[in-house]
Structure formats: C-alpha cells, structure tokens
Amino acid sequence: MTAVGDIRGTTTDRRAVIALLRRLRSGEGHANPLPVWEEMRALGDVVRAPWGGYFVTGFEACSQVLRGRNWLVPDFAWQERQPDPERWQAPATQEMTRTLIRLNAPTHTCQRRALGNPFDRGTLEALRPGIAALVSELLDDLAEELRDGEADFVRTVGERLPVRTVGRWLGLPPEDHAHILDFTHRQVYAQELLPTKSELAVSAQATLEMRAYFTELIRHRRAHPGNDVLTGWIHYWDAQYPDDRAAADQVIYDLTMFITIASLETSAVLLTNAVWFLTQDPSRAAWLRAHPQHIDDAVEETLRYDPPVWLNSRVAAEDTVLAGTPVAKDTTVHVLYGAAAHDPRRNPDPEVFDIRRGGGHLTFGGGAHYCLGAALARLEARELLGQVLERFPTLRPTAPPAYDTSRVVFRRITSLKVTT
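Everything in the sequence shown is counted per my numbering, starting at 950 for the first residue and increasing by one.
This list has only true hints and no planted wrong ones.
Below, a list of computed lysine to aspartate or glutamate pairs in the EDC-like style, where the Cα atoms sit at most 20 Å apart: (1) Lys1146 x Glu1035; (2) Lys1278 x Glu1029; (3) Lys1366 x Asp1230; (4) Lys1146 x Glu1158; (5) Lys1366 x Glu1099.
Keep in mind the hints are simulated off the structure, nothing from the lab.
The whole structure should be built from the sequences, with the hints applied where relevant.
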C-alpha cells in the first residue's frame, strides 16, 4: 500500500449520508449548501458512499486525490468492469469518456501535449480586447432591459458571454449559439452522480444533436478553412493521421465538443455567482469599487465559496490509504469541491465570503487533469466584474438565484433577477 495521508477517517451512518445527498439536491441545498458540507465533513475526511466507494471531504485529502498519480479518472477500461451497463454503456456516457477529462496516460498525455496550453499568456492578451468588447455589448443589453425595471442576468449576460467567447475562438457561427447552449444543458445529465433513466434518455438525444452539429462543423471548416483554432486543429490532426481521416475526425470532434461544452455551464455559474455575491451586499460592492485591484481576489473567493462543479470522481490505481482509510484498487472516490473549500483547517471561518482571503480552493482540479479553461474563465469574470462595478453602481438582485436542483455535479443557475 502507498500511504497518501494520515488525516482522520471514520465509519459513517449510511442513512445520514443519504439524507445529506437528498438535502443537497433540494432547492434549499442549492441555495445554501454550506450546512451540508459541514455535516458531511463532520462524518470524516473519507466518507463511505451508500452504493460503495467514498466521498472525500477534507481539503488535503481532496488535493491528494486530484494531484496523485495513483488516482485515475474513470475511463473506458474502468467502465467495462462495472456491473451497470445501462449506465456506463449509455451513448451519452460513452461520448464523454473519449474526451480529455476521461482519458488516462498515455492517451491523455499525448492529446494534452498536442493541445499545449490553449490559453497561455499571449493568447489571453490577444483575447482580452474582444472579451472586454463582448462584456460591454452584453451589459448594453442588460441596461436596455433594466429600463423596464428588472432583468434576468443569466439569460442576458451569464450564459451568453461564455458561448460568445468560445464561439469567437473556435469560429462557431453566432446563429448557432442558442442551439449549442440547448444541447449542452441537456447532455450534461449523463455526467451526473446518479442519473435516472429519463435523464440518460434526455442526454442521449442531446448527444445525437451534439455529434451531428460538430461533425458538420468540422466537415464545413475543413472545406472552408478560417483563421481560427478549429482550423489549426484540423491541419494538425490531419497531419498526424494522413491515412486515416476517420481517426483524425474523431480526435478533432472530441476536442471541439469537449472544450465547447466545458466552457459554457461552469463559466456561466462563475459569472452569475460573482455578480450575485457582489451585489447582494451593497457594502461589498462599494468596497470592491474603491479597491479594484482586488477584483481577482473576488473571483477566487467566488470560486471557493460556491464552486460551479460540486463533485469529481477518481479511481484508485492500487490499494492505498487515504486520510487513514484503506481504499482498495479500482474503488471510486468522489471529491467534494465545496466541502474541501469550506474545510476550516484550510480556510478559517469558511462560511464568510472574504474577498481578501487569498485563495484556497481546488475548483479547477489539479495535476494532469487541471482545468484547461481556468485562465479563460478567470479573464471573463475579471472583465465582467470590472465593468459591472463601473456601469451599475446600484445593481442589486430582486430574488435569490434559481437552480436546476436535479444536478449535483455540473451546477446550473437558471435565473438571477436584478434591478437598479
């Protein structure tokens, strides 16, 4: 065995965990998950899941799982060994298993190396003026709607900024953005912790639409190259597979599809949460307006306080010990980002939204599977907060956000009504 931590682990009451999960999936749980995180952590840093495997709640234990080389993502090989083929062999599940987040070395290493750092400093500087202009345009739309007294920030800005940003980067036609958002919202149900049959069916239909869309997009772009990232990927992977166009198309499809849908919902939640946490307390917004050098800190605290993704899964590559708990090879553990970020051993007074806290979250993961789009999401949030503070000094919510409460992995805020 390889010891990866000596933090306390405890035996837990199965019924208590089930009750906490039910609360997490409720409207109350989405609006304020902090009590659930606290009660889950109180059960131990490693908590037995009712169906087998474990939840990981402590910051250090979660960090060890995300960064450790003896933890794998649940790939095709793992899925084939599972006793529930209806879940793991579902078309929507299989579709996502080909993407970077479900690949282990050496396949993951090869694709990640070929992709490089798509959002390095030079790329971000090149994107910054365009993102600033997009934010300005969307806030113009928000201002126009606010003339009638109330506007929905999610519909007007939160969901539109990410799809417009990645759309420009990849060369996605603007008239397709609404369709892309629609099938993305439906496809992610396959990535839920325990999707129902009906959710898998919804996701399967969305997957068909998604594959048809991106397949046609790649075909058209190959015939009509542009000055965009997708054209570059086509040139690169066609050269890697000169005698196998189908193989090249599959890799290009997987990359394009994954980066597009991964850029949308998580960024939309970050942007909406940032505005929600800022505007619900006028003194907080006033302070940040007077201290704009702390906008980056406000973004980081938003990511810590309420992560857009609540859960991620890993599989033990060998028999090991995590936080004092033996974990057998092939056992699944579920990293709870929110619980980790609210671990008082890492973040004192975790229930306080403190802009000057100085980080302390795992929201973008760690190790080989660190989020590719982290820098882009931060840039979008930074530009948005800066302009909101400048243009809307009296912006405030008229009601708390509304959520899709069926989700506990990829969260979705469906509405945030605001006024001035």
